[in-house]
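With these hints in hand, go ahead and build the complete structure from the sequences.
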Amino acid sequence: MSSFTRHLKGLLAALVLLAGLAANAHAAERAPSELRIGFQKSSINLLIVKQLGLLEKRFPAAKVSWIEFPAGPQLLEALSVGSLDFGMTGDSPPVFAQAAGKDLLYVGAEAPKPENSAILVPANSALRSLVDLKGKRVALQKGSSAHFVVVQALKKAGLKWADIEPIYLTPADARAAFERGSVDAWAIWDPYYAAAELAIKPRVLSSGKGLSSNNTFYLAATNFARQQPAAVLGLLDALSQAEAWTQAHKLEAAQTYSKVTGLDLPTAQRFVDRRPSTDVKPLVAAHVAEQQQVADAFLELGLIPRAIKVSDIVWQAPAAVVAQ
1 MSSFTRHLKG LLAALVLLAG LAANAHAAER APSELRIGFQ KSSINLLIVK QLGLLEKRFP
61 AAKVSWIEFP AGPQLLEALS VGSLDFGMTG DSPPVFAQAA GKDLLYVGAE APKPENSAIL
121 VPANSALRSL VDLKGKRVAL QKGSSAHFVV VQALKKAGLK WADIEPIYLT PADARAAFER
181 GSVDAWAIWD PYYAAAELAI KPRVLSSGKG LSSNNTFYLA ATNFARQQPA AVLGLLDALS
241 QAEAWTQAHK LEAAQTYSKV TGLDLPTAQR FVDRRPSTDV KPLVAAHVAE QQQVADAFLE
301 LGLIPRAIKV SDIVWQAPAA VVAQ
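Quick note, the sequence shown lines up with residues 1 to 324 if you use this note's numbering.
Treat each hint with caution, since some may be false.
[What the hints assert, rightly or not] Once the Cα atoms are required to be at most 20 Å apart in a straight line, the calculated SDA-like pairs of lysine to any residue come out as:
1. Lys136 to Glu165
2. Lys250 to Arg226
3. Lys309 to Val284
4. Lys102 to Asp312
5. Lys209 to Gln152
6. Lys102 to Gln74
Source of the hints: derived by calculation from the structure; they are not laboratory data. For clarity, every value in this text was computed on a predicted model and none was experimentally measured.
Here you go:
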């Protein structure tokens, strides 16, 4: 090999190294300095991410903050006004948020979990089928995944929304009302469902199976998703890591979840055991189609103020970032 050829190869290698260093420096400059994560008690993957310190390992320069919310509507309100960067909800809250003009984007989804929600009645209730809900007081969190379960339950039973008296309560207040006998039925999701099952032994009038896919979505503030696409993909990957760890260590995951939420271990175990295994990935066409069905159902009943196109707020990861 001539000295000129060796010199040329050395120069090319140096240029490649410098380009790589420049790219890494650019990536470091764009890495988030802060991550504000919203979660609920149902956000098991986020809570496992928190306990395993996965975000601190992945984003060492970022200050990571965790803020708990009682349900999805409250979480998305905070997201839309700039108090959060990222959070998790069920299927209905994003529909209500989009219809209200809130500024946010769908960025990820989990597999369907229809068995993780239910309509409960007291053990001694005379209600035996969904049609028996006519004229009854039904507790639910307005704009939550349970809201859509009730919509679908009434449709299946041939009833109208006006045929029931919805009582809009947070999960904790709904359980109190249910135990007092102030409501006839209660639509709820895990882990509140699991906690009620074990503590007060209600009867399941219907699970979510056949009514709703009960999809879980991850959403981000619009500016965050557009300015930090690599961070969004990193967050989704961390959630998939947490899910894999949970499935491989179910008892330890339940113990960890119990500790951080204050729920007893049997409730945590019921919740963990009932969840299907799932990766957390950007939305696919099936997710968008199902969400559009949720939106159209609420519009038909006059529960949202205008028609929406779900695909308008579905984030698409830039090809260059995905390739990296």
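Compare the structure with the hints numbered earlier in the document and write down the numbers of the violated ones, lowest to highest.
2
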